[in-house]
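S.K.: Going down the list, the protein sequences come from chains Y and V. Letter by letter, the first sequence follows residues 0 to 299 of numbering that gives the first Met the number 0. Letter by letter, the second sequence follows residues 0 to 643 of numbering that gives the first Met the number 0.
Since the hints were derived computationally from the structure, they do not count as laboratory data. Don't be surprised by glycine CBs; every beta carbon is placed ideally from N, CA and C. Heads up, some of the hints might be wrong.
To be verified - Away from chain Y, derived, C-beta distances all over 12 Å, residues of chain V: (1) Arg-126; (2) Ala-307; (3) Met-349.
Claimed, not checked - One side only, chain V facing chain Y, incomplete, derived with CB under 10 Å: (4) Ala-102; (5) Arg-153; (6) Asp-301; (7) Ala-309; (8) Ser-312; (9) Leu-364; (10) Ala-432.
As the list claims (entries may be wrong) - Residues of chain Y clear of chain V, computed beta-carbon distances all greater than 12 Å: (11) Ala-22; (12) Phe-48; (13) Ala-77; (14) Asp-83; (15) Leu-84; (16) Leu-85; (17) Gln-117; (18) Phe-147; (19) Ala-196; (20) Arg-210; (21) Gln-230; (22) Arg-238; (23) Leu-269.
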Amino acid sequence: MLGLTHLQRLEAESIHIMREVVAEAQRPVMLYSIGKDSAVMLHLARKAFYPAPPPFPLLHVDTTWKFRAMYAMREQAAQDAGMDLLVHHNPEAMERGINPFDHGPLHTDMWKTQGLKQALDKYDFDAAFGGARRDEEKSRAKERIFSFRTASHGWDPKNQRPELWNLYNARKHRGESIRVFPLSNWTELDIWQYIMAEGINIVPLYLAAPRPTVERDGMLLMVDDDRFPLQPGEEPVMRSVRFRTLGCYPLTGAVESEAATLPEVVQEMLLTTTSERQGRAIDKDEGGAGMEKKKQEGYF
Amino acid sequence: MALHSEDRAYRPDALIAEDIGAYLQAHQNKGLLRFITCGSVDDGKSTLIGRLLYDSKMIFEDQLAALEADSARVGTQGKAIDFALLVDGLAAEREQGITIDVAYRFFSTERRKFIVADTPGHEQYTRNMVTGASTADLAVILVDARKGVLVQTRRHSFLCQLLGIRHLVLAVNKMDLVDYDQATFDAIVADYRAFAASIGVEDFTAIPLSGFKGDNITAAPSAETPWYAGPSLMQHLETVEVGNDIAQTRAFRMPVQWVNRPNLDFRGFAGQIATGVVRPGDAVRIVPSGRTSTIKAIETFDGPLEQAVAGQSVTLTLADEVDCSRGDVIAAAENPPEAADQFEASIVWMGEEALIPGRAYWLKLGTQTVSASIAAPKYEIDVNSLEHLAAETLSLNGIGVADVTADRPLVFEPYADSRALGGFILIDKLTNATVAAGLIHNALRRAQNIHWQALDVDRAARAALKGQQPQVLWFTGLSGSGKSTIANMVEKRLHAAGRHTFLLDGDNVRHGLNKDLGFTEADRVENIRRVGEVARLMTDAGLIVLTAFISPFRAERELVRGMIPDGEFVEIFVDTPLQVAEERDTKGLYAQARAGKLPNFTGISSPYEAPEQPEIRIDTTRMTPEQAAEIIVAQVLGEWSPTL
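This is chain Y alone, in the form it adopts within the complex:
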């Protein structure tokens, strides 16, 4: 008899986690960021509840600054899964015109951290699936699969519930919520292998293509729309680039690449000598403890 492969074990675990949440939470939601991890998470949800559509909506906490190709993918993915898509924009950030060019870290705080809290409160969601992985970052390595947040969405790393076997304690008081990370035990390579094995649709930006870019502060940024303020002397140049992670386009560095197929992307990834999140400016704020601090404040 054949043992399960590592991908089969990871898949089974993620599906088990999602079903536990649906069985025990009142109003679950899946946070959908349109990236490759979200794509895998959504695919797993479709598998978990097949033939029913996943019994919860998708929520995109939008910043209005995502790549255009991401917005195109968003609607299609929700439709294919037969799920409702909720999009939340922080009205205050909208009103104040918060943007990554002028506002630095405030951009992430207002659109994403505050926006997420607003959306969860607005719809009264008590459990939110997120696509974070433990291999992404050191403080993630210790986060539980079921991560509890106080009524004000705070995270207390010292007061986490022990998780034994595959038993998850989903009990909570009114107002408290759970962030659930079904991909906790996946690595980046697992994600890519699974995308290939399952034929999951991902945003084309992950594959190399000629795109208009400028080089700024050591990062290659894509000029995705005309809101990109070019500095004196800057001129968009067509370069063959791809993205290792996708976020707000002005904050997401591209890598020069000729990898136009998934195996080529994985090949480049395995041959590269830098860790995954290097292309993303966000983790470098406030030193090494950046992510841990953001999480205590309510960032995913």
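With the hints as your guide, set chain V onto chain Y.
M.R.: The following block gives chain V in isolation, referenced to the frame of chain Y:
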């Protein structure tokens, strides 16, 4: 080997560059090994894990650069790279220089993918280690070669054994600090072997290592240990047979997580297979109900499967419309698991607040959640000496053996046979914290209301769940005789004794169910008939029903008696002479009746037919209501209480 800069960079597998397709194909089918590392800060555990990550090429240039900077600033290894910094995650921990939680690390080689649970080794972090061990297939137990087998080594080994880890690696670390001396290594191994046998560990693999220098980590033997003939740590991790497939050889069991019902034509049972293999056409039994059916299909997003095995998450459909919901277990028809409501279990206490014996906690086992209480421990285990100590309770990190009583039967298997159906957690009902982990040894008695034959949920089943004999305590007597007063007292006492009761009183019924009825003889008969029907339904639900109605006519009382199964109708005659009742006249009704304002008033203008052979007769002229209640309760609990 000390580190040289040219070693440092991540160097990928040659196949990646040559033939990515072949590489991916090979890696697609790798297995997974989950292991835990046990040791204290001083044993070099974090250094060892950092070294495994480094040697399996999981450390990238940028991480290495950050690591070098951190090592220079806060490292404990002088100018050398401090691998411990690579794995110590949280800011608070970095400051204290110790790991205080469970961290999960990932690395893979050509042969396997690994998930490492990295937990602190101090006694005050026993709960963290138990958590990490619960999902591990293998444990690496670190020993400092200079110190040998210590109290903590014994503690770690015992916990791994308790959590059912069958593969232990004794990693004798820091061999560089004892000049790679074989005699030192052999003495430690012999010492450990003697101890291991005493706790039932049959086999282990001992490897001499230096995490700091890298000896016997990836290749063996290192030039420094020519006398060592075994595998390197990595070789052992890559090749050891951990027997994940053993679960497939056991009888089929799948705890039902969720019933998938997208439309009227589909009813699927979703769950993760705990043990065994399932195929369409297999005969299955739903436990605890005992109903049988056959597997119609194994439905997945990718189409129906020919078979599914332990570990997979699937959706099963059954050939018959049988009751089956979350918490039930679908099992091989001929070999189903037991159900019981009392167990003996090992309990690992994880809550800040100590165990309160007898208090109800939520117990979650598989997909079942029940209310359960833990008796005072039979003994606590000193995790250092492994002695059994007398204990009244268990506090944080305490481990003991105790009896567990659940409020309904749980489908289970001994933990030694099945982690999925033998391990449970306890949840504090007030704080919702996970306060304990439990490992079932065996049932103390088989639940009496579990039958392997199909069992309808009938009045007997409902009554058995409440642990009581349903009955109707029918109080009859004149207005003002004291029926309601006594019935109230009886109900309070029964309730305090843990019985499930309901009091139907003349007033509460006449304000609702019977508000359309008056006091004519016909209406009085109908009043009693309806009350009788309600009482009968309530006994079907398993309740002890108390009724307080004048119910003056013998015929109606007999009518009700006829509705209720034999022995369950208890007629209680609250015998108060008319004269006494009229003197009390608590509601002023007798005065109104005498004045002709209340027609058909029992005793005045309508007859009261006293019972001829009541089960209980209460003479209110000779006892207080309290005494009366005591007599009734004694009789109800004494004569009719079930033997549970």
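S.K.: Under the criterion of a CB-CB separation shorter than 10 Å, is Arg-153/V in contact with chain Y as hinted?
M.R.: Hint violated; Arg-153/V Cβ to chain Y Cβ min 22 Å, cut 10 Å.
S.K.: Is Leu-85/Y truly not at the interface, in the sense that its beta carbon sits beyond 12 Å from all beta carbons of chain V?
M.R.: Nearest chain V Cβ is 21 Å from Leu-85/Y, so the label holds.
S.K.: Non-interface claim for Ala-307/V: all C-beta distances to chain Y beyond 12 Å?
M.R.: Violated, because the least Cβ-Cβ distance between Ala-307/V and chain Y comes to about 10 Å, which does not exceed 12 Å.
S.K.: If you take the shortest Cβ to Cβ gap from Asp-301/V to chain Y, is it below 10 Å?
M.R.: Since the shortest Cβ distance to chain Y is 8 Å, the answer is holds.
S.K.: With d taken as the least Cβ-Cβ distance between Gln-230/Y and chain V, does d exceed 12 Å?
M.R.: Answer for Gln-230/Y: holds, closest chain V Cβ roughly 27 Å.
S.K.: Classify the hint on Ala-102/V as holds or violated, based on whether any CB of chain Y lies nearer than 10 Å to its CB.
M.R.: Holds, about 4 Å.
S.K.: Against chain V, does Ala-196/Y keep a CB gap of more than 12 Å to every residue?
M.R.: Ala-196/Y is in fact no farther than 12 Å from some Cβ atom of chain V, at 7 Å.
S.K.: Does Arg-126/V clear chain Y by more than 12 Å, comparing its Cβ with all Cβ atoms of that chain?
M.R.: Since the minimum Cβ distance to chain Y is about 6 Å, Arg-126/V lies within 12 Å and the statement is violated.
S.K.: Going by Cβ atoms, does Arg-238/Y stay more than 12 Å from chain V at every point?
M.R.: About 22 Å separates Arg-238/Y from the closest Cβ of chain V, which puts it past 12 Å; holds.
S.K.: Against chain Y, with CB atoms and a cut of 10 Å, does the hint on Ser-312/V hold up?
M.R.: Ser-312/V check passes; min Cβ-Cβ to chain Y is 4 Å, inside 10 Å.
S.K.: Going by Cβ atoms, does Leu-269/Y stay more than 12 Å from chain V at every point?
M.R.: violated, 5 Å
S.K.: Any Cβ of chain V at or closer than 12 Å to Ala-77/Y, or is the non-interface label fine?
M.R.: holds, 17 Å
Hints 1, 2, 3, 5, 11, 12, 18, 19, 23, counting from the list given before, are not met by this structure.
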